[in-house]
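So the chains spell out like this:
2 protein chains.
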Amino acid sequence: MANSQTDLRANSLVSTIEAILYLKGQPLSLAEIADCAGCARDLAHEALLDLMNDYAQRDTALEVVELRKGCYTLQLRDRFQSLVERLIPADLGVAALRTLAVIALKGPLPMADLVDLRGSGAYQHVQELVERDFVKKRRYGRSSMVQVSEKFHRYFQLDVENQNSAQLELALNQLRSSLPPDEDAAEDPEDLEDPEDLDRDSVDPDLD
Amino acid sequence: MANSQTDLRANSLVSTIEAILYLKGQPLSLAEIADCAGCARDLAHEALLDLMNDYAQRDTALEVVELRKGCYTLQLRDRFQSLVERLIPADLGVAALRTLAVIALKGPLPMADLVDLRGSGAYQHVQELVERDFVKKRRYGRSSMVQVSEKFHRYFQLDVENQNSAQLELALNQLRSSLPPDEDAAEDPEDLEDPEDLDRDSVDPDLD
Numbered sequence: 001m002a003n004s005q006t007d008l009r010a011n012s013l014v015s016t017i018e019a020i021l022y023l024k025g026q027p028l029s030l031a032e033i034a035d036c037a038g039c040a041r042d043l044a045h046e047a048l049l050d051l052m053n054d055y056a057q058r059d060t061a062l063e064v065v066e067l068r069k070g071c072y073t074l075q076l077r078d079r080f081q082s083l084v085e086r087l088i089p090a091d092l093g094v095a096a097l098r099t100l101a102v103i104a105l106k107g108p109l110p111m112a113d114l115v116d117l118r119g120s121g122a123y124q125h126v127q128e129l130v131e132r133d134f135v136k137k138r139r140y141g142r143s144s145m146v147q148v149s150e151k152f153h154r155y156f157q158l159d160v161e162n163q164n165s166a167q168l169e170l171a172l173n174q175l176r177s178s179l180p181p182d183e184d185a186a187e188d189p190e191d192l193e194d195p196e197d198l199d200r201d202s203v204d205p206d207l208d
Numbered sequence: 001m002a003n004s005q006t007d008l009r010a011n012s013l014v015s016t017i018e019a020i021l022y023l024k025g026q027p028l029s030l031a032e033i034a035d036c037a038g039c040a041r042d043l044a045h046e047a048l049l050d051l052m053n054d055y056a057q058r059d060t061a062l063e064v065v066e067l068r069k070g071c072y073t074l075q076l077r078d079r080f081q082s083l084v085e086r087l088i089p090a091d092l093g094v095a096a097l098r099t100l101a102v103i104a105l106k107g108p109l110p111m112a113d114l115v116d117l118r119g120s121g122a123y124q125h126v127q128e129l130v131e132r133d134f135v136k137k138r139r140y141g142r143s144s145m146v147q148v149s150e151k152f153h154r155y156f157q158l159d160v161e162n163q164n165s166a167q168l169e170l171a172l173n174q175l176r177s178s179l180p181p182d183e184d185a186a187e188d189p190e191d192l193e194d195p196e197d198l199d200r201d202s203v204d205p206d207l208d
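In the order they appear, the protein sequences are chains A and B.
So in this note's numbering, the last spot in the first sequence is 208, and the numbers never skip.
So in this note's numbering, the last spot in the second sequence is 208, and the numbers never skip.
You may find that some hints are simply not true.
Note that the list lumps identical chains together, so a pair holds whenever it fits in one copy or between two copies.
[Unchecked claim] DSBU-like cross-link-like pairs, simulated, lysine-lysine; straight-line CA separation at most 35 Å: (1) Lys69 with Lys106; (2) Lys106 with Lys24; (3) Lys69 with Lys24.
Just so you know, these hints were derived from the structure itself, not from any lab.
When you get a sec, could you build the whole thing from the sequences and use the hints?
See the structure below:
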């Protein structure tokens, strides 16, 4: 009886963690998972290993993987990248994708800093990216912060923290089947090369 | 050889459709699924039945179901509603949830019509709901349209088209563990009772 109750609880924790990864839609640390599940980290870790094993044994579109030490995600298997490419809105240009890459790498970041990095075109890009659900804009006082959304993680499933700028930009660009000329290279020659001044708490009263 | 190729193609279509349902994150018609998969509807339907059967046989957090005739979704099983409740941002008030219910029922709808239905508090609610990724705001010329996001569907998995207002409002409110008093009942006594005048193409220059 005690044993079957333990099993039941263990099974339930495995699928609870599956539900958490699905709902959150982004890579989560073991601490975050345990917190959402309301259990100890060692129990969460054990259940995660079971869940990853379950998914590894099934030939489905999804997998649960440890992206890097202690960070887990439910994601599409690599072999569906061509499908992702096909389903990305066709009218999202290279310039907007580059802005998306900056937000993924450096976000959450103040809108003003994004404009410093990407030029004033960033306002339009963020508008497009918010409309398409790839970016979230959140107001803090008179400033706005931008960061990638859960949908970004579903589509791009990139281990952002382990990517350097060039790799991420390349990965995003490769998702486009045909690359139009870079619309904003002339305007922003130093794209992605100015990571030092991102910590300013700048205020941008003209936003929104 | 021909047979194993056919099997391979069939297996691949089943998981391609799984990938599409995961990426889109909202209920899709058979026509939309077939279009995304690039196959005929009868093939898509056959693969969907296989996929639903696969999920039905596994004891996991997710299921693939036909919500109503010809409309399919990948969603959390009902038994995870208490988890959803726990993970909804605690500071999202009843008034914002009511606005969310209106957007789910009547969206995509012009922002101006939402304000007619929910009062001027709707501006603040939409801002909060966009920040939390439950709502998308899209600009059309000088007007804005609002509609629920993929994340809304992951969290609320409600068959919006088959819900009437009262049911949906009740369902959203029941997701809150403890209901504070309705902050805006006095201001908007006719909430959700004016569905006739939603087709106006109103313009709202003050938006954003």
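Checking an output row: Lys69 and Lys106, CA cutoff 35 Å. Within, between, both or neither?
Within one copy only: 21 Å inside a chain, 44 Å across chains, cut-off 35 Å.
35 Å Cα cut-off: does Lys106 pair with Lys24 within a copy, between copies, both or neither?
both (20 Å within a copy, 26 Å between copies)
Homomeric proximity label, Lys69 with Lys24: Cα distance no greater than 35 Å
This pair counts as both: shortest intra-copy Cα distance 19 Å, inter-copy 29 Å.
Against the hints set out earlier in the document, no violation occurs for any number.
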